[in-house]
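Novice: Line by line, the protein sequences are chains E and V.
Numbering of the first sequence is given in the numbering used here, commencing with residue 29 and proceeding in unit increments.
Numbering of the second sequence is given in the numbering used here, commencing with residue 29 and proceeding in unit increments.
No wet-lab data here; the hints were simulated from the structure.
Mixed in with the good hints, there may be bad ones.
Derived DSS-like pairs: lysine-lysine, alpha-carbon spacing no greater than 27 Å straight-line [said to hold, decoys possible]: (1) E:K413 - E:K385; (2) V:K47 - E:K130; (3) V:K210 - E:K130.
2 protein chains.
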Amino acid sequence: MATPNKNQITKKALALHKKLGGKIRIVPAAPVRNRADLSLVYTPGVGYVSSHVAKNPKSARELTMKGRTVAVISDGSAVLGLGNIGALGALPVMEGKAALFKTFADVDAVPIVLDTQDADEIVETVIRIAPAFGGINLEDIAAPKCFEIEQRVIEALDIPVMHDDQHGTAIVVLAGLINAMKVVKKDIQKSRIVVAGVGAAGVATMRLVKKFAPKAIIIAVDSQGIVGHSRIDLNSTKAKLLSDGIIDGSLEGGLSVAVTGSDVFLGVSQPGVLTTEMIKTMRKDAVVFAMANPTPEIMPDEAKKGGAAVIATGRSDFPNQINNSLAFPGVFRGALDNQVRKITDDMKVKAAVAIAKLVAKPTAVKIVPDMFDKKVAKAVAKVIK
Amino acid sequence: MATPNKNQITKKALALHKKLGGKIRIVPAAPVRNRADLSLVYTPGVGYVSSHVAKNPKSARELTMKGRTVAVISDGSAVLGLGNIGALGALPVMEGKAALFKTFADVDAVPIVLDTQDADEIVETVIRIAPAFGGINLEDIAAPKCFEIEQRVIEALDIPVMHDDQHGTAIVVLAGLINAMKVVKKDIQKSRIVVAGVGAAGVATMRLVKKFAPKAIIIAVDSQGIVGHSRIDLNSTKAKLLSDGIIDGSLEGGLSVAVTGSDVFLGVSQPGVLTTEMIKTMRKDAVVFAMANPTPEIMPDEAKKGGAAVIATGRSDFPNQINNSLAFPGVFRGALDNQVRKITDDMKVKAAVAIAKLVAKPTAVKIVPDMFDKKVAKAVAKVIK
């Protein structure tokens with residue numbers, strides 16, 4: 029299934045990137061017009077500022093870029109739906125994120141792409157380049173190494189670190205889910221939720237949904253079927269979802285077994301894995317988030333035929349776009365403003381609730397706010413503390 | 029000797045840095061106003077650009093920030109005249125450089141400060157973060173490790189790498205020296221030049237001056253005296269200056285022995301090491317560059333008393349400010365424009381000559397162009413090819 033206007037968008041996107049020559053610019057915060065300016069911004073004035081910061085490291089937050097800048101770091105091992113395309117391939121995405129950080133939340137963001145895909149090397153490199161930054165946004169790093177990398181960097185640094193593919197996605201999915209359940213008038217705590225895809229986004233989503241609704245039953249499905257107790261091929265991340273009680277591992281079988289009798293389908297997996305027939309086996313007023321990008325697990329019109337009451341995708345050309353841009357700018361804005369050292373699960377749940385609340389009256393075609401609504405980042409920033 | 033207005037500049041510089049909250053901003057190259065913009069800058073459009081760049085790595089120069097951006101990287105081990113003040117202390121200087129890069133040459137520059145001062149770790153970290161950048165400006169890294177680090181990074185990467193404390197300084201010193209010799213009507217090839225200070229700047233300056241004027245006699249003086257054949261305490265960098273024939277190692281003694289009968293004194297050493305009496309022992313119409321910062325090797329009025337005909341310092345409050353800002357913006361502008369993979373000694377000599385030429389009629393108080401003269405970076409960029 030092709031993305032609509034794919035050729036046209038490709039052409040336009042390439043032309044724009046060529047015209048711009050990169051999507052960000054690094055400019056002086058104040059003009060340097062003459063020697064007087066220079067004597068403050070550079071030598072000799074800067075020497076006194078440097079001495080001051082060296083003696084009072086905390087002052088770096090107010091006297092340097094550290095107080096307003098995050099690094100957006102990727103090794104290019106899992107870029108969008110493109111897979112492992114390497115550092116240079118990842119760069120346009122990181123630049124795009126930097127542009128959005130500034131646009132949505134006035135956060136300065138530096139794209140960094142790494143010429144290594146080794147977990148140990150990524151961890152030590154991120155730690156070594158951290159001093160100039162007030163936060164680290166890890167991006168497009170493949171699962172399962174992304175879990176270990178994020179954990180180790182969080183433990184090593186005293187600034188907030190977030191792998192956005194995990195937690196940005198989880199926050200926005202939970203926000204959308206909260207409102208979708210209002211639309212279908214169901215209690216999330218009494219619902220059965222199938223998550224297809226147990227990568228970065230899937231794992232974080234399951235954990236965050238369970239944090240918000242501990243009584244919800246969550247069933248995880250990967251490419252081999254339901255992640256259950258009978259499986260002997262599970263990696264440690266998946267085994268831990270079972271042992272932590274995040275997912276229900278009592279069932280055996282494929283996606284069709286999992287969705288039968290479920291209330292919610294959350295797809296962060298592969299194009300086309302969900303069918304109209306499968307949705308027909310779900311409980312009445314099914315909620316279907318088909319977020320594989322650019323081609324969803326099921327197209328919205330087919331989901332509707334199966335009886336889905338609320339349908340969301342990752343795409344801008346259908347209603348209910350579940351997009352990280354609703355979360356990450358505000359999360360880091362808040363972390364910088366409130367000098368947060370660690371972004372906790374509590375904060376992530378609060379961020380999801382804050383995003384959901386911005387839609388006063390959720391409907392089947394409006395479960396999340398508009399990305400360009402300036403209230404979004406502000407509302408999220410407020411609860412990251 | 030205090031810098032004039034030190035307290036006033038300190039106060040003003042701190043206030044400005046506090047007001048600005050860091051000296052650079054990272055902004056989108058084009059506004060992201062709506063979903064149509066977003067679909068090109070970010071998903072789905074960016075996906076096609078990423079695929080294209082992954083398949084055609086060379087296209088990164090025109091489609092990403094790589095074609096216009098350099099990293100300014102320091103470990104904070106030798107910051108200005110402040111010494112080893114660490115990563116955070118170095119950050120205001122790196123931000124200042126980024127501001128100047130943009131102001132003088134429209135180069136986008138990303139400040140990176142490293143939480144390591146180990147040569148091996150610095151080298152591997154710079155290599156790992158290099159893909160997003162079209163050049164690497166190493167900055168304020170202590171000698172002698174700076175020589176090895178620069179060499180190893182140059183060899184590992186296919187983008188230009190320059191340790192500015194070495195080569196930026198050398199280029200501007202040579203430019204000033206060329207014009208100073210015109211003022212005193214002496215042939216640099218027949219001159220005897222004393223260089224005080226055999227760190228990053230001193231070593232590069234000696235090598236570049238010798239490249240430009242192979243017949244000039246250069247005498248190096250470090251804190252232990254003349255770097256000569258009788259010395260048994262020389263590190264490998266200093267020994268190599270002798271074995272490469274860059275310096276004359278026949279003399280023994282201190283700075284006063286070295287300067288006696290010399291034409292030129294180039295100081296990149298310590299405040300106050302040169303005296304009026306010493307200058308009196310130099311040949312007629314001595315050229316004195318006293319570039320220790322902020323307090324020079326000798327103050328200009330005292331140098332004049334000794335008979336110096338041309339006097340330069342590193343300071344903006346005296347004539348003839350020898351400042352790297354005359355070189356580094358244009359060097360990297362040229363390297364980016366002309367896709368230069370390595371900045372050679374030939375290019376550095378040409379850059380010095382180009383800077384010197386911008387002063388049509390050099391005088392004792394005007395041997396280098398004004399830093400705010402927009403022709404400087406353009407003239408330098410033109411010869412970096």
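Novice: Confirm or reject each hint.
Specialist: We went through each hint and held it up to the structure:
no., hint, in the structure
1, E:K413 - E:K385, "holds, 18 Å"
2, V:K47 - E:K130, "holds, 19 Å"
3, V:K210 - E:K130, "violated, 51 Å"
Checked against the numbered hints listed earlier, the structure breaks hint 3 alone; every other hint is satisfied.
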